[in-house]
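0 is the number of the first residue of the sequence shown in numbering that gives the first Met the number 0; add one for each residue after it.
Be careful, since some hints might not be right.
[Stated by the list, open to error] In the EDC-like style, the derived pairs of lysine to aspartate or glutamate whose C-alpha atoms are separated by at most 16 Å in a straight line are:
| no. | residue 1 | residue 2 |
| --- | --- | --- |
| 1 | LYS96 | GLU53 |
| 2 | LYS57 | ASP35 |
| 3 | LYS57 | GLU79 |
| 4 | LYS11 | GLU114 |
| 5 | LYS18 | GLU110 |
| 6 | LYS11 | GLU93 |
| 7 | LYS11 | GLU110 |
It is worth saying that the hints were derived from the structure and are not from the lab.
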Amino acid sequence: MSNKSPKIFQFKIQLNDIKPLIWRRVQVLSTITFADFHDVIQNTMGWLDCHLHEFFIKNNTKVHRIGMIDEYDDCGAPTEDEMNVTLSTIFTEEQQKIVYVYDFGDDWQHEIILEKILDSDEKSYPRCVAGERACPP
0 MSNKSPKIFQ FKIQLNDIKP LIWRRVQVLS TITFADFHDV IQNTMGWLDC
50 HLHEFFIKNN TKVHRIGMID EYDDCGAPTE DEMNVTLSTI FTEEQQKIVY
100 VYDFGDDWQH EIILEKILDS DEKSYPRCVA GERACPP
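Whole structure, please, built from the sequences with the hints as guidance.
Take a look at the structure:
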């Protein structure tokens, strides 16, 4: 059994296509699931968590989707269950980017960048360490 402590991932989350820029810098444990990360994004950005969401990871020729499983969704690439995927399985190096979409009707797209991978410490996580402006209502 490994005694390896989880890393701390520092992300910059910014809402696309809005000027002036709306953004947050958050720190989370590398071991949280994408479902937990969704909660972090909702809380720090000020959204009300009343719409659908999905994470999109693009690499070279394919798109990897992570989100809530919908048994009736048969469009496009299959979605992987966000409750079963940890951040550390997708994010392996700094500067990796993904897209988080909230509210499929309004299509609020967020760019998420892994800025830093830090060693674990005694602080509580998740933490919002910086940011500017509020999201639309």
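* Proposed proximity, GLU114 with LYS11 (alpha carbon, max 16 Å) -> Holds: LYS11 and GLU114 sit about 7 Å apart, inside 16 Å.
* Asked: Hey, LYS57 versus GLU79, does the alpha-carbon distance stay inside 16 Å?
  -> holds, 14 Å
* Straight-line Cα separation of LYS18 and GLU110 no greater than 16 Å? -> Status holds; Cα separation ~14 Å.
* To do: Verify the proposed pairing of LYS11 with GLU93, using a straight-line Cα cut of 16 Å.
  => Given that 16 Å is the threshold and the Cα spacing comes to 11 Å, the pair holds.
* Holds or violated: are the alpha carbons of LYS11 and GLU110 at most 16 Å from each other? -> Distance ~8 Å between LYS11 and GLU110 Cα, so the pair holds.
* Decide if the proposed pair is consistent with the structure: LYS96 and GLU53, CA atoms, cutoff 16 Å inclusive. => Answer holds: LYS96 to GLU53 is near 14 Å, not above 16 Å.
* Asked: Has the given pair, LYS57 with ASP35, been kept, meaning a C-alpha gap of at most 16 Å?
  -> violated, 21 Å
Going down the numbered hints, you'll see the structure goes against just number 2.
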